[in-house]
Amino acid sequence: MLNVLLIGAGQCGNRILDAVNKESFGGGKLSKYYSWQKFPTRVETIAVNTAVNDLKELKYTKAKDRIHIPYLHGVGANRNVGKQCFIDNKDYVMRAVAERGDFDVAFIATSTAGGTGSSFTPLLVSALKERYSFPIYVFAVLPFREEGTIYLQNTAFCLKELRESGAEGIILVDNQFLRHLGSDIETAYDRINEAIAERILFLFKSLDSEMMMVTDLGDFKTVMTSGIRLATVGFSRGDKEISVKSAIRNSLSSSGLLFSLDAYTESSRAMIIIEADKKYLNIDDITTEVDRLTTGAGHVFKGILVRNKAYPSVLSVLAITSGKELDNLYDAAVDAVERERRKKEDAARQVESMMGKIGKLEAQY
Amino acid sequence: MSMFRENMRGYHADESRFSVHIYICIILFLAVSFVTPHAAGAITTVLQNEKFSKGDGYQINNYALEMTDTLVMGTTKMAFFRLYSVLETGETEEITGNSGNPMGIELNSSYIFNVPDGKIEVTLIDVGANVYIKLGTDFDVKYGKYLYGGHNRAGYSGKPMILLTKTVDKTSVRKGDTIQVTISAANLGKGAAASIVLQDMQVQDNSLVFNRWIYPAGGVIVGEYALDPEKSAPLQIYELKVSEDAAPGNHTLGQAKVTYRSKSVVETVTYTNFSSIPEIFVKGEAGAVLQITLALDTLAIPQGNTAKVTINVENTGKLKAESVSIESILPDGLVYAGSPDESISVVKGNPIKKFTSALDPLDKREFTYSVKASKIGEYKIVLNTSHREGAGVSFAPEQSSDTIYVGENTAINPADYLIYIVPLAIVIGIGGWIYWRHNQFKY
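Chains as they are written, first to last, in our numbering: chain A, 1 to 365; chain B, 1 to 443.
I should point out that these hints are in silico values taken from the structure, not numbers from a laboratory.
Built from N, CA and C at the ideal position, the CB exists for glycine as well.
Hints may contain errors.
In the EDC-like style, the derived pairs of lysine to aspartate or glutamate whose C-alpha atoms are separated by at most 20 Å in a straight line are [unchecked claim]:
1) B:Lys257 <-> B:Glu239
2) B:Lys442 <-> A:Asp239
3) B:Lys145 <-> B:Glu91
4) B:Lys375 <-> B:Glu408
5) B:Lys442 <-> A:Glu44
6) A:Lys278 <-> A:Asp335
Pairwise CB distance ranges, derived in the manner of DEER restraints [to be verified]:
7) B:Leu418 <-> A:Lys29: 57 to 67 Å
8) A:Lys38 <-> B:Gly429: 14 to 24 Å
9) B:Gly429 <-> A:Ala63: 32 to 42 Å
10) B:Leu418 <-> A:Glu99: 37 to 47 Å
11) B:Ile419 <-> A:Arg42: 18 to 28 Å
12) A:Ala63 <-> B:Ile419: 45 to 55 Å
13) B:Asn409 <-> A:Ala63: 46 to 56 Å
14) B:Gly429 <-> A:Lys64: 19 to 29 Å
15) A:Lys221 <-> B:Leu418: 54 to 64 Å
All chains should be modelled from the sequences, with the hints used to inform the complete structure.
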């Protein structure tokens with residue numbers, strides 16, 4: 001059995017963690033009262049936050065799994081403050097992890113834009129890496145572009161630090177790309193979190209199952225560490241009308257992916273995991289679709305889970321080599337940093353000019 | 001016939017000459033076709049020139065002839081008859097044999113009905129203000145009666161058969177005891193019995209002497225005594241007394257005799273029957289004597305609860321008692337609720353214990369059973385004890401328990417708690433579970 005540690009850092013990470021817990025209860029609103037939590041493998045969850053109100057909002061994460069780092073009511077999107085806060089409370093966080101036993105792999109869900117998650121996560125990965133040998137993967141959620149320059153520059157620096165932290169892979173989730181999931185910002189956040197939770201649970205299941213065609217944690221690591229250690233995941237759930245062929249294609253399309261990517265040209269490695277009843281597993285169709293992806297991605301790991309009476313479900317993990325969207329994001333981030341720097345210089349100049357007007361004058365009473 | 005009457009009313013109403021002609025033709029046709037001349041050689045006249053009214057009839061043995069209607073029109077004079085068979089049940093079944101129609105007989109004509117017993121000949125002698133007929137049969141007529149109101153007044157004519165029984169209320173007695181003798185008659189025959197006369201030789205020796213009459217007063221039946229079929233009645237009830245000189249041992253009573261005749265038949269035939277002869281055992285001075293005690297573990301039983309009844313029997317006499325039987329007569333409010341003693345049988349709700357082995361002198365036995373208190377009230381259990389002694393059966397004096405009080409059950413049945421406890425436990429369990437779960441997620 002695979003031992004998985006799942007940490008949600010910051011408000012965004014906490015909510016993703018809560019969505020995963022909700023799904024593990026069955027997904028119902030009151031399911032936590034009448035159902036047991038069912039993970040496909042042993043999973044320990046921890047929600048870490050500096051804002052106590054964010055922790056209070058969680059509904060499906062047990063109180064004992066919520067770690068509050070007291071720092072006023074959050075770090076106010078200031079990553080420098082956040083990093084210092086983590087350093088001050090590092091032992092407390094690491095003790096919470098240690099109390100939960102040994103793990104084979106860890107996943108951390110976080111936003112790259114906010115304060116606590118984006119500043120804690122790179123340092124947390126480094127800290128875990130110093131003490132443990134298990135691989136660590138980060139679900140990094142990119143912000144809506146219109147959310148402001150601070151979030152954009154936070155994203156740029158967070159991603160940079162994550163890559164340097166020693167994490168085996170960073171799985172990108174782009175809110176901007178996924179905003180179509182909700183009619184308003186509130187429902188969009190909920191749907192995005194549910195989509196991430198669905199993929200995380202399927203990934204846990206696929207990494208700890210006896211498959212017809214085997215993929216395992218090693219394959220996953222190979223995919224994730226290839227290229228620039230950035231990746232994303234796609235998912236598609238079939239039904240009576242959607243064949244395994246269509247499900248594979250959907251998981252690789254914009255309707256299934258969490259980040260804007262041309263799966264056939266912009267990925268360096270891939271892993272496709274298919275779950276279905278035997279009667280839906282048309283090997284020719286699967287082979288055709290995988291071969292098609294192999295042409296661009298180079299190598300595709302295949303895993304097939306046979307489940308009676310199940311319609312085809314497909315999870316695809318794609319390692320990103322390059323991407324237009326990533327370039328755009330960094331351009332916007334650089335621009336944001338530049339704009340922030342200019343604003344700061346302008347403000348400094350204005351302050352200096354105002355103070356110069358007073359010169360050596362003294363107050364007269 | 002109703003249709004015929006309707007037609008008649010129609011005739012008087014419109015006075016249509018054409019209709020009259022048609023009607024007469026039909027009547028004549030019926031007369032010609034229905035009336036078959038028969039030779040009356042062996043037929044014996046039963047009734048001669050008897051006056052009949054419409055709707056009345058005459059019963060010959062178990063046949064009933066009924067005149068249903070008459071017709072007088074010009075020179076046409078007819079009477080219509082139906083013939084019925086009288087069944088044992090008292091009901092009648094039509095056997096006219098004319099496709100459901102009555103049989104029309106013209107004046108001065110005859111018609112012979114063929115019946116299982118032979119022939120019945122009906123001759124129409126006059127039809128006018130009065131109707132006169134002559135009836136004859138070729139079989140013996142034992143019962144004949146004019147039936148006012150027709151066949152519905154007929155009754156089944158059959159032989160009576162009286163069964164005479166002579167019984168006693170006890171067969172094992174001691175000197176000075178009284179014995180009630182009942183002589184009853186039951187009519188098992190098909191016909192009513194009349195002129196019932198009883199002759200009874202009460203005793204055969206001086207061991208038993210007449211003591212008193214119980215029924216009828218003075219032992220005399222006033223008036224003629226009759227008994228319908230399937231009925232029974234006591235004829236005499238009287239008391240005998242065991243004389244002080246009676247020798248121990250068996251004594252037989254005298255036999256009773258009954259004479260009677262059939263109420264139905266014309267001829268008087270006297271029948272005779274005899275009763276059975278009861279036998280009485282007169283016990284000696286030193287027989288078996290059963291002392292019986294009955295005790296309950298409680299005399300105050302809450303309704304719905306059970307109590308244990310313990311019965312002890314001891315033979316304090318000098319002879320052994322065989323076939324001892326103890327019947328407990330349970331009152332309405334107490335119901336037999338089982339016993340560890342499997343030999344106890346239950347008849348009409350009353351437990352009966354029969355000892356298969358004899359009780360020797362000074363022998364003691366005990367048995368128990370349970371009763372359940374079903375109704376609130378005060379009750380007593382009565383014991384009827386008997387045993388065989390020599391050739392007779394001896395009955396011990398009737399014995400009652402102390403008064404048993406059945407009161408309201410104020411205790412709560414443990415099962416009643418479950419009605420409240422189980423749902424409460426479920427609610428508390430669910431509430432506790434929700435509270436525990438809520439606390440797990442409360443931050």
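Results of checking the hints against the structure:
1. B:Lys257 <-> B:Glu239: 18 Å, holds
2. B:Lys442 <-> A:Asp239: Between lysine 442 (chain B) and aspartate 239 (chain A) the Cα gap is close to 38 Å, so the pair fails against 20 Å, i.e. violated.
3. B:Lys145 <-> B:Glu91: With Cα atoms ~17 Å apart, lysine 145 (chain B) and glutamate 91 (chain B) stay inside 20 Å; holds.
4. B:Lys375 <-> B:Glu408: 9 Å, holds
5. B:Lys442 <-> A:Glu44: Answer holds: lysine 442 (chain B) to glutamate 44 (chain A) is near 18 Å, not above 20 Å.
6. A:Lys278 <-> A:Asp335: Roughly 52 Å separates the two Cα atoms, so the pair is violated.
7. B:Leu418 <-> A:Lys29: 57 to 67 Å: 34 Å, violated
8. A:Lys38 <-> B:Gly429: 14 to 24 Å: 22 Å, holds
9. B:Gly429 <-> A:Ala63: 32 to 42 Å: 22 Å, violated
10. B:Leu418 <-> A:Glu99: 37 to 47 Å: 45 Å, holds
11. B:Ile419 <-> A:Arg42: 18 to 28 Å: 45 Å, violated
12. A:Ala63 <-> B:Ile419: 45 to 55 Å: Taking Cβ atoms as reference, alanine 63 (chain A) and isoleucine 419 (chain B) lie about 38 Å apart, which means the hint is violated.
13. B:Asn409 <-> A:Ala63: 46 to 56 Å: With Cβ atoms ~52 Å apart, the hint holds.
14. B:Gly429 <-> A:Lys64: 19 to 29 Å: 23 Å, holds
15. A:Lys221 <-> B:Leu418: 54 to 64 Å: With a Cβ separation near 60 Å, lysine 221 (chain A) and leucine 418 (chain B) satisfy 54 to 64 Å, so the hint holds.
In summary, the numbered hints that this structure violates are 2, 6, 7, 9, 11 and 12.
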